[in-house]
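Chemist: What follows is each chain in one-letter form.
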Amino acid sequence: GAGVSQSPRYKVAKRGQDVALRCDPISGHVSLFWYQQALGQGPEFLTYFQNEAQLDKSGLPSDRFFAERPEGSVSTLKIQRTQQEDSAVYLCASGLGLADGETQYFGPGTRLLVL
Amino acid sequence: AQSVTQLDSQVPVFEEAPVELRCNYSSSVSVYLFWYVQYPNQGLQLLLKYLSGSTLVKGINGFEAEFNKSQTSFHLRKPSVHISDTAEYFCALNYGGSQGNLIFGKGTKLSVKP
Chain X
1307 GAGVSQSPRY KVAKRGQDVA LRCDPISGHV SLFWYQQALG QGPEFLTYFQ NEAQLDKSGL
1367 PSDRFFAERP EGSVSTLKIQ RTQQEDSAVY LCASGLGLAD GETQYFGPGT RLLVL
Chain S
273 AQSVTQLDSQ VPVFEEAPVE LRCNYSSSVS VYLFWYVQYP NQGLQLLLKY LSGSTLVKGI
333 NGFEAEFNKS QTSFHLRKPS VHISDTAEYF CALNYGGSQG NLIFGKGTKL SVKP
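Each protein sequence line maps, in turn, to chains X and S. According to the numbering used here, the first sequence is numbered sequentially starting from 1307. According to the numbering used here, the second sequence is numbered sequentially starting from 273.
Keep in mind that the hints were calculated from the coordinates and are not lab data. Check each hint, because a few of them may be wrong.
[Unchecked claim] As a list, the in silico DSSO-like pairs of lysine-lysine whose alpha-carbon atoms are at most 27 Å apart: (1) S:K381 with X:K1384; (2) S:K381 with S:K330; (3) S:K321 with X:K1363; (4) X:K1317 with S:K321; (5) X:K1317 with S:K330; (6) S:K378 with X:K1363.
[To be verified] To give an idea of the chain S side of the interface with chain X (calculated C-beta under 7 Å), a few residues: (7) Y311; (8) P312; (9) Q314; (10) L316; (11) L323; (12) G325; (13) S345; (14) G368; (15) G379.
Note that CB positions come from ideal geometry on N, CA and C, so glycine has one too.
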């Protein structure tokens, strides 16, 4: 079956531009996570949804970052007034939402470069 | 607070040699441990995970890992590597009540040379 997909795969933005990154999780998956992976680093947690509810946004680095999942499936991560330090790969992952320790299935990521 | 340390940023090894990628963690509560692999320009793929029970966990592609609670380690091993194992490997954890978000190490780049 189809895995997690993300679009666009690559995005170049001028500093100050707004960007929107899309994630299509595996159909039926309740949990959805966003991670930020800076160059040479491991992914870092940004935010978590259970269905349409955003239960944890403690990892969002600033109020310029905003995520939504209005119908409990597709999610969008929006970054306003992008800065150079926002350059990173943004990973989306989904899961069944059944229990701690469950497997998360990752998309290929969106590579964002802010000039 | 919970954390994951991957002791080696790069591991070069010759084809058909054994390899061990080291991972240590810090946590005051029980944890679930994972190894993910990331091939260039691809997302992370689960290799194996430890939830409970047997401390030796077998995963895909011939990899295995051993959970050692006393040493707070979860090292990844493969007895004979292939060129196709060249990738970046991430150790990660989550814990009960964490809502599932993973805490990752910085990764280890495995380079398999012919």
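Chemist: Evaluate each hint against the coordinates.
Modeler: How the hints compare with the structure:
Proposed proximity of S:K381 and X:K1384 is contradicted: the alpha carbons are some 31 Å apart, above 27 Å. Straight-line distance between C-alpha atoms of S:K381 and S:K330 comes to about 21 Å, which keeps the hinted pair within the 27 Å bound. Under the criterion of a C-alpha separation no larger than 27 Å, the hint pairing S:K321 with X:K1363 is consistent with the structure, at around 25 Å. This hinted pair does not check out: X:K1317 and S:K321 have alpha carbons roughly 33 Å apart, beyond 27 Å.
Taken as a hint, the X:K1317 and S:K330 pair is broken in the structure, with Cα atoms around 38 Å apart against an allowance of 27 Å. Taking the CA atoms of S:K378 and X:K1363, the gap is about 22 Å. The hint holds against a cut of 27 Å. The beta carbon of S:Y311 is not positioned within 7 Å of any beta carbon in chain X (closest approach about 10 Å), and the interface hint is therefore violated. A least Cβ separation of about 11 Å between S:P312 and chain X goes past the 7 Å threshold, and the interface hint is therefore violated.
Hint status for S:Q314 relative to chain X: holds, with the closest Cβ pair at about 6 Å, below 7 Å. A hinted interface residue such as S:L316 counts as satisfied when its beta carbon comes closer than 7 Å to some beta carbon of chain X; here the least separation is about 4 Å, so the hint holds. At a threshold of 7 Å, the smallest CB-CB gap from S:L323 to chain X is about 5 Å, leaving the interface hint in force. The beta carbon of S:G325 is not positioned within 7 Å of any beta carbon in chain X (closest approach about 12 Å), and the interface hint is therefore violated.
This hint is violated: S:S345 has a C-beta 17 Å from the nearest C-beta of chain X, more than the 7 Å allowed. Residue-level restraint check for S:G368 holds (minimum Cβ-Cβ distance to chain X is 5 Å; threshold 7 Å). A least Cβ separation of about 5 Å between S:G379 and chain X falls short of the 7 Å threshold, and the interface hint therefore holds.
Going down the numbered hints, you'll see the structure goes against 1, 4, 5, 7, 8, 12, 13, while the others check out.
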